[in-house]
Amino acid sequence: MGLRIRTYSELDGQSSDLADQVGRQQERVGARLSSVARVLGVMSGKGGVGKSLLTAALASSFARRGLRVGVIDADVNGPSLVRMLGVTARPLESTPGGVEPERSPDGVALMSMALLVDEDAAIDWHEPDEAGFVWRGALERGALREFLSDVAWGELDVLLVDLPPGTQRLVELHELVPDLAGVVTVTIPSGASRDAVSRSLELGRRRGLHMLGVVENMSGYRCADCGQIGALHEGDAATDLAERFDLPVLARLPMDIGLGRAAEAGKLASWLSGDAATAIQLDDLAGRVLDGLAMGEDSTE
Amino acid sequence: MKFLCVDCDEQMIFEERQLPGDGTLAAVFRCPACARMTAMLTNPMETQLVSSLGVKVGGRTVPEEPFEGIRSGVASGRDDAFEETAHPDGTQRVTWSVDAIDRLGNVPSFVRGMVKKIYSEYAKERGITDITPEVMDRARTDLGLEGM
Chain Z
1 MGLRIRTYSE LDGQSSDLAD QVGRQQERVG ARLSSVARVL GVMSGKGGVG KSLLTAALAS
61 SFARRGLRVG VIDADVNGPS LVRMLGVTAR PLESTPGGVE PERSPDGVAL MSMALLVDED
121 AAIDWHEPDE AGFVWRGALE RGALREFLSD VAWGELDVLL VDLPPGTQRL VELHELVPDL
181 AGVVTVTIPS GASRDAVSRS LELGRRRGLH MLGVVENMSG YRCADCGQIG ALHEGDAATD
241 LAERFDLPVL ARLPMDIGLG RAAEAGKLAS WLSGDAATAI QLDDLAGRVL DGLAMGEDST
301 E
Chain Y
1 MKFLCVDCDE QMIFEERQLP GDGTLAAVFR CPACARMTAM LTNPMETQLV SSLGVKVGGR
61 TVPEEPFEGI RSGVASGRDD AFEETAHPDG TQRVTWSVDA IDRLGNVPSF VRGMVKKIYS
121 EYAKERGITD ITPEVMDRAR TDLGLEGM
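In order, the protein sequence lines correspond to chains Z and Y. With my numbering, letter number 106 in the first sequence gets 106, and the count goes up by one each step, no holes. With my numbering, letter number 16 in the second sequence gets 16, and the count goes up by one each step, no holes.
Incorrect hints may appear among the rest.
Listed next, the stretches of chain Y that the computed footprint assigns to chain Z, with coverage defined by at least 3 CB atoms under 8 Å from CB atoms of chain Z [unchecked claim]:
id, stretch
1, 10-19
2, 44-54
3, 75-83
Only pairs whose alpha carbons sit at most 25 Å apart, straight line, appear in this in silico SDA-like list of lysine to any residue [claimed, not checked]:
id, chain 1, residue 1, chain 2, residue 2
4, Y, Lys2, Y, Pro63
5, Y, Lys124, Z, Gly23
6, Y, Lys2, Z, Asp20
7, Y, Lys2, Y, Thr24
8, Y, Lys117, Z, Ala152
9, Y, Lys117, Z, Val29
10, Y, Lys2, Z, Gly13
11, Y, Lys2, Z, Pro96
12, Y, Lys124, Z, Thr95
13, Y, Lys124, Y, Ser76
14, Y, Lys116, Z, Glu100
15, Y, Lys117, Z, Gly13
16, Z, Lys267, Z, Leu67
17, Y, Lys124, Y, Glu84
18, Y, Lys124, Z, Pro96
19, Y, Lys124, Y, Arg103
20, Y, Lys124, Z, Gly97
21, Y, Lys2, Z, Leu3
22, Y, Lys117, Z, Pro91
Read the hints as simulated data drawn from the structure, not as lab findings. Here the structure is a predicted model, which is why all the values come from computation and not from measurement. Where a beta carbon is used, it is the ideal one built from N, C-alpha and C, also for glycine.
Use the sequences and the hints to build the structure in full.
This is the structure:
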């Protein structure tokens with residue numbers, strides 16, 4: 001007859017409490033975000049559609065309206081918002097209360113992996129020599145969690161999260177922020193983009209997320225000389241996606257060299273306050289997004 | 001995870017954690033009845049499984065520091081990424097011996113500030129005013145600080 005060994009459940013003493021530790025991580029996120037009115041995700045199922053530029057433009061437009069705005073550059077492997085928002089990378093002040101975010105010239109608070117590594121340096125993780133891929137997803141999810149929980153965001157009206165391509169980060173963001181206020185979806189006109197973005201929208205719908213609408217980026221290009229819009233991509237992804245998911249098309253934005261130059265120079269804020277046609281479109285888009293978050297001028301809190 | 005002393009039918013209690021810095025981990029448990037000690041040894045893969053989740057086997061021994069996972073996980077962090085600011089109530093100062101500072105120099109610069117703060121807190125909580133390599137050894141054992 002074998003030994004009578006009590007089961008795990010029968011022992012009521014000390015345990016490693018790993019589940020409790022994970023639960024406390026979630027509590028830290030909740031506690032930190034208690035001073036953040038709304039968290040807004042910016043996503044696409046496809047890379048290279050201009051999510052980060054759109055995130056930066058939305059953040060600057062919100063700030064210009066007097067809102068207190070924060071941005072998380074959740075693309076830990078390809079961060080780009082430091083440059084676009086005109087932020088200067090300096091040593092981050094780490095206090096017991098959290099890490100102070102950097103600020104753009106127009107007051108947008110930002111946290112990005114680009115603030116933590118040397119310019120042009122690849123993001124390498126400490127991991128065992130073999131099968132590093134097994135852990136990388138968990139490490140990157142942990143980075144997003146710490147960007148949410150460990151940054152001294154303070155009082156914010158809106159915190160934008162620029163999600164990397166693919167669907168997994170949207171799921172992770174939703175798990176970390178169950179009361180995600182809304183998601184803006186970015187596509188380009190092509191059928192390939194439509195197919196990829198469709199999968200992300202389907203996932204968002206299944207999770208019951210508040211999908212605010214679709215932004216079609218690179219919807220033609222604006223001629224720098226005459227201002228006319230020329231064709232750039234085949235397809236009408238925004239219309240297809242809007243019909244399939246019963247969502248509004250929030251904007252169709254052309255590729256605009258003026259916008260690109262402003263982002264490259266970190267001068268989005270001043271460009272957006274100008275009278276360029278695309279700047280006016282972006283400002284209108286920002287208003288629509290705020291309306292979708294019930295934060296528009298006609299909305300009552 | 002729990003350990004049971006089969007002879008005594010008593011649950012063993014967590015005693016200490018050691019992280020030698022080669023990616024492995026040793027967690028020591030002791031039987032409260034017969035004092036028998038058992039060490040759970042994990043290989044680098046098993047250790048990584050736990051650290052990737054940002055949790056500690058045996059429970060936390062120090063409060064979580066901001067960006068703890070990023071600082072311990074990112075290998076390519078900038079040397080001057082962080083500027084540590086002490087607790088505002090940290091009136092009691094600790095001094096570092098030359099040997100202790102030398103040893104701190106072995107810690108990757110990306111996490112050095114955070115590690116220095118953890119050692120300083122450890123010393124303050126115990127009324128230690130001078131941090132020496134011996135104090136660091138004790139702290140490392142007590143707190144389970146990997147390669148620090």
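Now for the hints, and whether the structure bears them out:
1. 10-19: holds (count 3)
2. 44-54: holds (count 8)
3. 75-83: holds (count 8)
4. Lys2(Y) with Pro63(Y): 22 Å, holds
5. Lys124(Y) with Gly23(Z): Given that 25 Å is the threshold and the Cα spacing comes to 29 Å, the pair is violated.
6. Lys2(Y) with Asp20(Z): Since the Cα atoms of Lys2(Y) and Asp20(Z) sit roughly 15 Å apart, the hinted pair holds (cutoff 25 Å).
7. Lys2(Y) with Thr24(Y): 19 Å, holds
8. Lys117(Y) with Ala152(Z): 19 Å, holds
9. Lys117(Y) with Val29(Z): Holds, because 23 Å separates the two Cα atoms, which is no more than 25 Å.
10. Lys2(Y) with Gly13(Z): Holds, because 9 Å separates the two Cα atoms, which is no more than 25 Å.
11. Lys2(Y) with Pro96(Z): 32 Å, violated
12. Lys124(Y) with Thr95(Z): Distance ~17 Å between Lys124(Y) and Thr95(Z) Cα, so the pair holds.
13. Lys124(Y) with Ser76(Y): 31 Å, violated
14. Lys116(Y) with Glu100(Z): 19 Å, holds
15. Lys117(Y) with Gly13(Z): 32 Å, violated
16. Lys267(Z) with Leu67(Z): 19 Å, holds
17. Lys124(Y) with Glu84(Y): 17 Å, holds
18. Lys124(Y) with Pro96(Z): 15 Å, holds
19. Lys124(Y) with Arg103(Y): Status holds; Cα separation ~19 Å.
20. Lys124(Y) with Gly97(Z): 19 Å, holds
21. Lys2(Y) with Leu3(Z): Holds, at about 17 Å.
22. Lys117(Y) with Pro91(Z): 16 Å, holds
Hints 5, 11, 13 and 15 from the earlier list are contradicted by this structure; the remaining hints agree with it.
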